[in-house]
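Participant: Okay, here's what each chain looks like letter by letter:
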Amino acid sequence: MTRIQYNKSINQTLRQLMKKDDRVFLIGQGITSPWYVGCTTTGLLSEFGSNRVIDTPVSENGITGVAIGAALAGMRPVLLFPRMDFMHYAMDQLINHAGSWHYMFGGQLNVPLTVWTIINRGGEQAAQHSQSLQAMFTHIPGLKVVMPSSAYDAKGLLNSAVEDDGPVIYIDDRWLYESEDDVPEELFNVPIGEGALRRNGKDVTIAATSYMVGEVIKAADSLADEGIETEVIDMRSVKPLDKDILINSVKKTGRFIVVDASWPSSGIGAEVSSIVGNEAFKYLKTPIMRVSLPDSPAPASSSLEGVYYPTSKTIISKIRELVS
Amino acid sequence: MTERTVHLSLNQLQAMYKSMLRIRLFEEKVGDLVRKNEIICPCHLYIGQEAIATGVCAALRTDDYVFSTHRSHGHYIAKGCNLDALMAELYGKVTGCSKGRGGSMHLSFPEMGFIGSSAIVAGSIPLAVGAALSFSIRKTDNVSVAFFGDGATNEGVWYESLNFAALKKLPIVFVCENNLYSTHVHISDHLADTDIRKKAEIFRIPGIQVDGNDVTEVFKVAKKAVDTARQGEGPTLIECMTYRWRGHVGPNDDLNTGLRSKEELAFWKEKGPIKRLEKKLLDNNFLSKSEMLSIRSEIEKEVDESLKFAKNSPFPQEESLLDYVFKVS
Ligand SMILES: Cc1ncc(C[n+]2csc(CCOP(=O)(O)OP(=O)(O)O)c2C)c(N)n1
Ligand SMILES: [Mg+2]
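Chains as they are written, first to last, in the numbering used here: chain X, 1 to 324; chain W, 1001 to 1329.
Quick caveat, the hints were computed from the structure, so don't treat them as lab data.
We put the beta carbon where it would ideally sit given N, CA and C, even for glycine.
Please note that the accuracy of each hint is not assured.
[Stated by the list, open to error] Covered stretches of chain W, as calculated for chain X (at least 3 residues, CB under 8 Å):
1. 1033-1045
2. 1118-1131
3. 1145-1157
4. 1180-1194
5. 1261-1270
Can you build the whole structure from these sequences, using the hints too?
Facilitator: In structure tokens, the structure reads:
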């Protein structure tokens, strides 16, 4: 184990994956830029050459199809989007093609594609440079969606995504890039579809994604001083979802909050609430709550941006609402 | 097409000089304010490209539409939109041209025909085509302009938009500002054929390459293209050769990143659009040095006023966060 930063963990994993398996290659817009992707691709071009580290023109729709085609022909591409907002041009290829190809042809063909995409928000970047689109992808049959919240999971999930025989949307977050964790040097797997218990508690269960896991832990720690014990679950994989870990926890606590910093309507929170409501109804003592973004595009102004993103404070007040 | 000669009056030349200088001085101020962390939103500065927005917008009427990109301050200013509201927008103030919701990359000023800037590469090009379609359906004589960079020609929607506009002979002018870079990537690394002008041929529309640092040349070419569009003769693609002096985003020049050379930047600064026009104005006795200086100080005052206005303006109220998600009618 070495203590390393989240972004360095991604960089290390990409290097190891490309060394280990020559079917793996990196393609996408911004890969060779000194600033775009936060040091995650540093050194890869010089080590593996422009055959396998391909910075592309701004052509998201076409390049996504190209990556899918390469996957169909036996490669294991890692397709990069420097921010999620630029994926909309690629939606046709991801939904109509990557997501359906295996099913549509009766299982004869598969698309071992990793779509690595970055949430990059804040800094008054406004509506087109702030989006978190995990829910859009969980809506699509055939796509798996993972959201590592630590340097450890960043490595284990990236490895699992690349090894997966189908398309996996791997979503990280620039706000996590400097966070540190103990990470094994060798490649290892965090299985897709397994949540992780981050904190034990008996009063309320909170399931969270990605960056929000840290905010939830902060909230839980501060409420522990008041005697409220919060159980924290990191979903890690939002599709497929680890239902068991959620339901087992709710059996114990009887209260449930789901925290995901994307839009509320038909979102991750809605899906998870429905599952917990259905399968753990008899254990629930209070209604299920969710914490999300407001139902609006991201504003530029600091005064509005300051209230746009949920924080540990938002979560604390939600927990207080439930446990009182 | 028949050759039409375009004559520029002294007034027009002076107005263009003012417009270019307004853009330059505004952008230099913005660069300083970004360095001081006074302005936080990402700003893609237009310094070096002033002649293009100015020359094209000088050929337009107020009721002609302009659609723009992430690098939109110059287009906004050249279209005659309010400077105070621009600076206030960069400060995220409620008095900003997008009420503090958009920041630098999302400007709008509908009263002056500035319909908005999109920070999705090529995102606003089909919108400009759609506006032209509306003009053509309603048989008005307005013209629509799409500004975009060399990088935008990489997107599929660029081809789709030009094809449709050409097919329907829509009143639109496509203005490509070829500054040789798409973020960190040189044009030779992002286009198989870097001759953007020539791409017009596949749509069978006129494609003209022009020195984008020569405002009078840009104006002449734009005027002809706008007249052609207005007369129902269809779109033109204008490729304006230019260079951005600052980095892709922010006030620095990117030289330390090794993405481009000192020599290249120096070469293009030498060919700078404002210097060029100043020489022309002086050589022809259109403006004296002292007249230029007084224009400059007038504009400096305007920019300072806009800064004062921005600083003194209030931020949007927190409670107003959900305003404008839906149009309330
Ligand atoms: C769909 C999409 N992909 C990527 C980006 C990131 N990006 C912003 S500007 C830009 C390059 C644009 O180059 P060009 O069109 O030449 O305009 P310039 O910046 O040179 O004015 C890129 C790739 C984006 N904004 N939108
Ligand atoms: Mg460019």
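Participant: Decide, hint by hint, whether the structure agrees.
Facilitator: Evaluated hints:
1. Chain X is given as covering the segment 1033-1045 of chain W, and this holds because 3 residues of the stretch bring a CB closer than 8 Å to a CB of that chain, at least three being needed.
2. Residues of the segment 1118-1131 of chain W lying with their CB closer than 8 Å to a CB of chain X number 6, which satisfies the three-residue condition for coverage.
3. Requiring three or more residues with a Cβ within less than 8 Å of a Cβ of chain X, the coverage given for the segment 1145-1157 of chain W holds, as 6 such residues are present.
4. Requiring three or more residues with a Cβ within less than 8 Å of a Cβ of chain X, the coverage given for the segment 1180-1194 of chain W holds, as 7 such residues are present.
5. With 0 residues having a beta carbon nearer than 8 Å to a beta carbon of chain X, the segment 1261-1270 of chain W misses the requirement of three or more and the stated coverage is violated.
Hint compliance for this structure: hint 5 alone is broken.
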